[in-house]
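Let the sequences and hints guide you as you build the complete structure.
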Amino acid sequence: MKRKLTALLLSLAVLICGAAGITTIVAGAEETVGTAEIIGSVTGGDNGFVTEEEWETVYSHAMTGVNTSVIKFALVDKDLFLKAVLGDETNFDGKDRFGYEIKIGETSYSSQGHFENNNGAPVWETGGFDKVQSERYYDASLKAYVMYVGIDLGSDYGAGNAVTVTFTHNDATTADAAWGSGEATTFSGTLYLVSKPAVEYTYVVPMIEGALTASDWDKAEVYEMTPVAETEGATGTVSLIVAGKTLYFKVNVNDSTQIVPDANTDGSTNDRPSYSLTIGGKTQYQRGKYAVNWMVGDKGLGEPTLYEDSKGDGTYSITAAYDLGDLAVKGAWLTVDFSHADAQTAENGWADSITSYPHAIRFAHKLYLGEVTEKDPLEKDIEPEPEVPVDPDPTEGPENADLEIVITDLVSMPTESDWNNAETYDLIKLHGNSEGATGTVKVYTAAQNIFYRMTVTDSTTNYKADGIYVYLAGYDDEGNEVIYYEARGNYDMWLADKERLLGSPSLLTMSTTAENASGYGEGVYTFSQGFYIPDIYAVGGKVHLILKHRDSRRNSEAWADGDYFHTIYFDQVMTFGDAADTTVRPQDATEGFTVSAANVSYNKADICWNEVADADTYKIWLYKVNPEGSDEPYEYISNEGPIYSGDATYAETLNGLSATTDYAVQIIAYDENETVIACSVLVKFKTISKAEALQDSASDGASASDADSVEESSHASGCLGGVGAISVLALPLIASAFVVFKKKEN
20 MKRKLTALLL SLAVLICGAA GITTIVAGAE ETVGTAEIIG SVTGGDNGFV TEEEWETVYS
80 HAMTGVNTSV IKFALVDKDL FLKAVLGDET NFDGKDRFGY EIKIGETSYS SQGHFENNNG
140 APVWETGGFD KVQSERYYDA SLKAYVMYVG IDLGSDYGAG NAVTVTFTHN DATTADAAWG
200 SGEATTFSGT LYLVSKPAVE YTYVVPMIEG ALTASDWDKA EVYEMTPVAE TEGATGTVSL
260 IVAGKTLYFK VNVNDSTQIV PDANTDGSTN DRPSYSLTIG GKTQYQRGKY AVNWMVGDKG
320 LGEPTLYEDS KGDGTYSITA AYDLGDLAVK GAWLTVDFSH ADAQTAENGW ADSITSYPHA
380 IRFAHKLYLG EVTEKDPLEK DIEPEPEVPV DPDPTEGPEN ADLEIVITDL VSMPTESDWN
440 NAETYDLIKL HGNSEGATGT VKVYTAAQNI FYRMTVTDST TNYKADGIYV YLAGYDDEGN
500 EVIYYEARGN YDMWLADKER LLGSPSLLTM STTAENASGY GEGVYTFSQG FYIPDIYAVG
560 GKVHLILKHR DSRRNSEAWA DGDYFHTIYF DQVMTFGDAA DTTVRPQDAT EGFTVSAANV
620 SYNKADICWN EVADADTYKI WLYKVNPEGS DEPYEYISNE GPIYSGDATY AETLNGLSAT
680 TDYAVQIIAY DENETVIACS VLVKFKTISK AEALQDSASD GASASDADSV EESSHASGCL
740 GGVGAISVLA LPLIASAFVV FKKKEN
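Going by this note's numbering, 734 is the number at position 715 of the sequence shown; the sequence numbering is gapless.
Quick caveat, the hints were computed from the structure, so don't treat them as lab data. Source: prediction; values computed, not measured.
With beta-carbon atoms standing in for the labels, derived distance ranges:
hint, residue 1, residue 2, range
1, A599, V501, 24 to 32 angstroms
2, S436, T609, 16 to 24 angstroms
3, T364, G389, 43 to 51 angstroms
4, D285, A599, 33 to 41 angstroms
5, T185, P553, 53 to 61 angstroms
6, V315, Q606, 40 to 48 angstroms
7, S436, T601, 16 to 24 angstroms
8, P413, Y156, 18 to 26 angstroms
9, A370, Q606, 50 to 58 angstroms
10, T476, G208, 42 to 50 angstroms
11, P413, Y222, 34 to 42 angstroms
12, P280, E654, 48 to 56 angstroms
13, V315, Y211, 46 to 54 angstroms
Glycine residues also receive a C-beta, built at the ideal position from the N, C-alpha and C atoms.
Put into structure tokens, the structure is as follows:
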């Protein structure tokens with residue numbers, strides 16, 4: 020049954036009825052073509068895509084089937100674009116399907132997939148054309164999907180060539196429907212290309228000799244930043260110029276909604292600037308906030324030689340410069356993308372995608388240094404994109420079997436040695452017929468923290484396009500799963516939260532061994548993360564962890580919020596193992612390493628030992644001796660140090676001891692890498708009572724009232740072999756203790 024889409028019908032009627040002829044721009048002149056079978060050429064916008072104003076001028080083809088829908092076609096140079104407005108009242112985006120094929124001669128391009136997640140859902144593509152645009156979203160006001168596709172026809176372009184197009188939208192009307200099973204709305208036809216328009220190249224960046232002056236900016240074009248969508252808000256401009264070997268740019272933005280949320284203690288707004296500069300195969304991509312010195316991203320051109328940004332009353336500005344070095348060549352191609360995302364209320368949080376903001380403006384274009392060239396003189400220095408087979412239709416991946424993992428608990432955060440000795444679990448393919456990265460996962464707990472490490476070997480490394488996904492859940496008393504953390508991002512030290520009931524990570528590292536981290540070359544990623552999870556952790560309890568590596572294999576696969584065709588993953592419900600034994604015990608003694616105690620009083624004692632060969636530092640480990648028959652003979656109190664080597668003998672004073680208490684002390688020697696190289700025998704002693712100390716002080720000639728300020732007498736012999744310089748080592752919880760560590764002698 021055809022659905023009644025009032026708003027859509029009105030808009031589509033205007034589109035269809037108003038297109039009796041189409042206006043195209045051919046060689047700079049307007050001419051009317053009176054047939055629907057011709058694909059008209061337009062000049063395109065700053066980013067090379069058809070603008071919304073141009074889409075209004077081209078012919079609208081009504082689609083046939085259950086829904087009222089239209090499809091349009093246009094050319095920009097040798098790029099073929101289509102726009103489809105697909106009526107759909109029910110909007111089950113994970114069940115609805117699109118599918119299309121575009122064919123010229125023997126070359127074809129086909130694609131099918133889901134609508135969900137705004138481009139993040141799986142899309143399967145085959146064919147010989149490169150895709151230059153892919154956007155799809157649901158417009159609630161129209162009750163329709165809006166979809167844009169652009170492909171580069173390349174050598175298959177030719178005036179008058181026939182283009183065969185089929186397009187299908189399958190509309191699922193219930194939540195339990197199978198994907199692609201819904202009734203269809205289709206378009207099928209043969210269209211013809213017209214001659215391409217002449218392109219007027221005005222995007223030339225002036226090049227001047229010598230240092231830049233204020234008046235030189237008058238030579239630079241001022242480019243308007245245009246809205247990303249049909250919304251209202253900030254406006255802005257961009258200018259660029261090259262002085263000597265240095266590229267300068269200015270961005271000026273007018274924004275009347277510069278709101279500083281209470282949560283932003285640094286006084287920043289949530290408005291988000293970003294810019295991307297690509298030349299000679301190197302990309303500088305930065306995004307962040309205004310006027311708080313926070314910008315992050317890909318630094319292919321290195322650190323800026325100049326960076327100034329400011330926030331005024333209703334204005335922002337950025338002025339920056341980068342040394343291009345040998346890339347500052349006349350005629351070189353410079354691809355730029357400047358944007359300002361406009362947060363218009365205090366609730367509009369900072370986000371990494373401009374589509375998350377109510378309004379955004381942008382200038383994106385290919386520019387030319389000094390003069391226009393048909394061929395980039397730097398192209399010989401650009402590494403070609405690797406040859407990667409086109410993704411086939413996906414098949415079912417391998418079974419995700421329950422590995423019955425019991426997590427090992429450590430005394431403290433895992434060291435590299437711990438990671439090297441950890442049990443490894445393979446990441447498995449999402450689709451059985453995909454090829455690409457491989458990887459493993461390792462997991463530990465320690466002190467009610469969970470730590471996991473994902474290591475991925477990737478032959479097409481691009482740390483801005485390869486994706487990471489993390490999901491961490493616990494269980495409530497009824498056994499229901501509770502999401503404590505869910506995030507996705509890339510290896511550019513960027514993760515965006517979808518859900519978070521946890522504090523800041525107790526561990527977060529990302530690295531890659533690739534020589535060119537964004538060049539689609541070979542490399543190994545390491546992603547480590549950890550969280551304090553007291554509400555989840557319990558010995559014998561359960562935790563659900565999902566880790567994914569979403570493998571971008573070609574330049575056309577930019578970062579997306581969803582699984583890629585080649586995604587590998589780890590998905591396991593694991594059990595917390597027995598808690599680690601955190602008892603600190605003395606270590607086995609090294610033969611010949613002796614230690615002694617001297618000058619034992621009620622609250623302190625001297626600890627003495629001789630130099631150990633190759634020792635760089637020492638620490639004093641103090642234990643209380645437990646009563647005979649106790650489960651543990653010693654109770655750990657503290658360790659003090661480091662005490663640097665350099666003396667033949669050492670005497671260090673322990674203060675803050677308890678009276679009439681049995682103690683044991685061990686000296687540990689470390690090399691310059693802080694590795695244990697020797698452990699002394701235990702020296703045991705018992706402190707005297709305070710009364711004894713006062714009595715001994717009085718017998719030495721001091722009055723009882725002065726006893727606390729008098730050095731107490733010895734109840735043991737002096738240090739062996741002489742006494743070195745003395746350090747006073749404080750024990751924990753003794754507020755008055757004073758700590759001095761012996762400095763290493765140069």
